[in-house]
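A.B. asks: So the chains spell out like this:
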Amino acid sequence: MDLVLEGIKDAFLLLVRGDRDVLRIVVLSLAVSGSATIISLVIGVPLGAVLGLNNFPGKKLLASFINTGMGAPPVVVGLAVTILLWRSGPLGLLHLLYTPWAMIIAQCIIALPLIAGFTLATMQQLDPRLRTQIIALGASRAQMVWLLLREARLPLLAAVMAGFGAVISEVGASMMVGGNITGQTRVLTTATVMETGKGDFPMAISLGLILMLLVYAVNLILTMAQQRKYSR
Amino acid sequence: MVRVDSLNVSAGETLVIVGPNGSGKSSLLLSLALLLKPAGGTLCYAGSRVTSSRTALALRRQFAVVFQDPLLLQTTVMENVTLGLRLRGVGRAEARARAQVWLDRFGIGHLAGRQAKTISGGEAQRASLARAFVLSPQLLFLDEPFSALDAPSRQSLIEDVHQVLKQTRVSTIIVTHDRNEALTLADRVAVLIGGEIRQLGTPSEVFSAPVDESVASFVGVENILPGNVVSSGEGIVSIAVSGIQVDGISSLEAGEAVTVCLRPEDITLALPSLEPVTSSARNRLKGKVARIVAHGSQVRVTVDCGFDLVALITRRSCEEMGLVTGKDIVATFKASSLHLIKRH
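Protein chains in written order, with my numbering: chain A, -6 to 225; chain B, 21 to 364.
Any given hint might turn out to be false.
Claimed, not checked - Partial pick of chain A residues on the chain B-facing surface, computed with a CB cut under 8 Å:
1) 19
2) 132
3) 142
4) 175
5) 188
As the list claims (entries may be wrong) - Residues from chain A shown here face chain B by an in silico Cβ test under 8 Å; the list is partial:
6) 128
7) 129
8) 135
9) 136
10) 177
Hints in this document: simulated from the structure, not taken from any laboratory.
Every residue, glycine too, gets a C-beta built ideally from N, C-alpha and C.
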């Protein structure tokens, strides 16, 4: 028990002092996971919308891939990206392995199915008559899709939360493709694992607390936006 | 499946398509509004054939459609009403000014800033109508717009829409299963049954002279009886219905098989002892009350006079005559009340 209490006390001291290494880790974590979430949104929302609004051969197969991807283990994603970016791998010439870019790629692969899957489910849950009504109002196809996405913005915020939550908290893929290099690819999760392994619990607890606070802060903002719309 | 040989609506006209549930009314309307691709056939607008999807979009922007459910988006009433204008590139300020006019016109101007989901069903349908009229459409489609409303809201909205249609003279196609809506709103009525237009004409033509039994039944003729013309002369025909003779006005010849149509509200009931000595009604049938069923403020009385005859009388009349099952009664109706359909 003393270990935990001491750990928490030291963690608060680290946070209050504004440790430079910790700050660098926080910034990199936000940059990598934020970028991965945004890229996944840009690709995943249109992909989910196309799947949700159209019927075409192979749609069910594609949807099943996305659903499978929603539960893909980060270590498997990490392994696949590592092989892809390995010096002798298909994309080895890009020299991206053990860089933040590799981590963004891996996290995109984790977040993309979540966001696309949520979007697909959301679009399918919209009243199909709404689509007819919007077209009847004179919307072009692009305008119709945009209006439907706007209509589904609240569930889509949940997709953003799920995507960001998944990538900011994953460790397996980031460790494998980033290498947990000090000042370069060390993020909150990989650093927490490392400090725990070293037995530096105050540092590990402080990193864990920061991670929890970050996830909470981002979700608080999104939830407030979501619930404000609902409560109007 | 809906199969329509041809159907047109003229500028400024209100065409009401009536028919029972499942007759294909909404599918027909969606096809006409370019929201459902027909399996075959041609759609022409102002003489030009609709060919490509680009043409369809341009045309849809000259139309407006109101559905049974208002289907408002999750935003303010004002944003909903301006949406069609905004999609057409109208500026926000102009769109809001135009929308406010129509919101006021439909009596919900004070709700402009409210979230659409917080207003009542009747108010939402008014917003939906404002959203359609604000577009100044060349052609307006209304798909059962009043059927989801409660009776007072429905009646009030029908009257408002009637006024607006009369004032704007926008060409309108309305789909409904409600005969009274058709009578109130239509310049012409098309009766759609089983995916086919059985009759097309003015409301008085369709409702007083249905062309076949199915149309007669749909437009509220409850007495549809098979008979044979037994004599004919000077425009008056005598028809035998289950051995009972009734007179009608027609030029049919003796021996021809007919279907006799008689609306229940055209029949008068009287007790034999209180029957007026003189009456212009040519048909007078004695019988017994077979069944009495309350129908809102009125009572539907079935009289067995050799065949069943259904009459619609007021609740008060029923009470004053003390009608009960088995009581003797006299049913009278004018020869001109009979509509005769020649059977082949």
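A.B. asks: Failing hints, ascending?
C.D. replies: 1, 3, 4, 5, 8, 10
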